[in-house]
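Q: Please put together the full structure from these sequences, using the hints given.
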Amino acid sequence: FRAPFFMLKMIGSTSGLHNVNTVHRVSPLFFCQSLISLQRSRVSACASAPYVDMPAGLVSNTPLIESLPLSLLTGTKVFLKVDALQSSGSFKDRGMAYMCAQLQKQGVTRLISSSGGNAGLAAATMGRKLGMHVRVIVPQTTKPLMLQKMQLQGADVKVHGANWNEADELARQEVAADVEAAYVPPYEDPLLWEGHSSIIDELACANVKPSAIIASVGGGGLYCGLVRGLQRHGW
Numbered sequence: 001f002r003a004p005f006f007m008l009k010m011i012g013s014t015s016g017l018h019n020v021n022t023v024h025r026v027s028p029l030f031f032c033q034s035l036i037s038l039q040r041s042r043v044s045a046c047a048s049a050p051y052v053d054m055p056a057g058l059v060s061n062t063p064l065i066e067s068l069p070l071s072l073l074t075g076t077k078v079f080l081k082v083d084a085l086q087s088s089g090s091f092k093d094r095g096m097a098y099m100c101a102q103l104q105k106q107g108v109t110r111l112i113s114s115s116g117g118n119a120g121l122a123a124a125t126m127g128r129k130l131g132m133h134v135r136v137i138v139p140q141t142t143k144p145l146m147l148q149k150m151q152l153q154g155a156d157v158k159v160h161g162a163n164w165n166e167a168d169e170l171a172r173q174e175v176a177a178d179v180e181a182a183y184v185p186p187y188e189d190p191l192l193w194e195g196h197s198s199i200i201d202e203l204a205c206a207n208v209k210p211s212a213i214i215a216s217v218g219g220g221g222l223y224c225g226l227v228r229g230l231q232r233h234g235w
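Numbered according to our numbering, the sequence shown spans residues 1 to 235.
Hints listed in this document are in silico derivations from the structure and should not be mistaken for laboratory results. A couple of the hints might just be wrong.
Said to hold, decoys possible - With a Cα cut of at most 30 Å, we get these calculated DSS-like pairs of lysine-lysine: (1) K105 x K158; (2) K105 x K149; (3) K129 x K105; (4) K129 x K149; (5) K158 x K77; (6) K158 x K129; (7) K129 x K143; (8) K158 x K143.
A: Following this line, the structure appears as structure tokens:
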């Protein structure tokens, strides 16, 4: 007997496998969970399970879509979690939504982020939805299309430095000089991780308990969020 699996696909660059205590390099970004011994309840798992209090109206509970090719390849059912359907086009909306909303509650009115890609776009997108001013410092390597997307969201975009490190240094300097601004990193903050952990909450609400997770490992923000979600649910 072979246990059925769901594989929840998202968008990522480099990849790795999280199976409780091990990490292995793999290719696309997938989330896998086994349904063996899964007990389906008539009562929604959301009614009693612990979950992160995400700000309303900012992110979507993205669908699970079965992938027949992957199911045939693996010999078990495979479903994809398409977080490309988030407003900015990536899972990073989750972390940015949670972090920006928390900063707003603390009285922050301006956000300064450093990113050459999806994190900056997510910050711009969530900041616009929350009515906050967003400034994104991007390196010279940032593609024109990404610059246009950030500007379309109303962000003040400045190109600076040959790489992300140089752009990030300027972003931190500007935050230090502005008492009403907060620094929004692309991945290294617990508030971002808390938002990303909502992925696990959505699995719990769907009565799906993961036995293994394959996730992209770039800066590590998504990875930390997934681990946080697993720990919160006792998985």
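Q: All the hints need checking, so say for each whether the structure fits it.
A: Do the hints match the structure? See the list:
Restraint check for K105 and K158: satisfied, since their Cα atoms lie roughly 26 Å apart, inside the 30 Å limit. Restraint check: the Cα-Cα separation between K105 and K149 comes to about 27 Å, which is no more than 30 Å; the hinted pair holds. A threshold of 30 Å between alpha carbons decides the hint, and for K129 with K105 the separation of about 14 Å falls inside it, so the pair holds. Distance hint between K129 and K149 is fulfilled; the C-alpha atoms sit about 15 Å from each other, no more than 30 Å.
Straight-line distance between C-alpha atoms of K158 and K77 comes to about 46 Å, which puts the hinted pair past the 30 Å bound. With a CA separation close to 21 Å, the supplied pair K158 and K129 stays within the 30 Å bound. Simply put, K129 and K143 have alpha-carbon atoms about 24 Å apart, close enough for the 30 Å limit, and the pair holds. For a cut-off of 30 Å, the pair hint linking K158 to K143 stands: about 13 Å separates their Cα positions.
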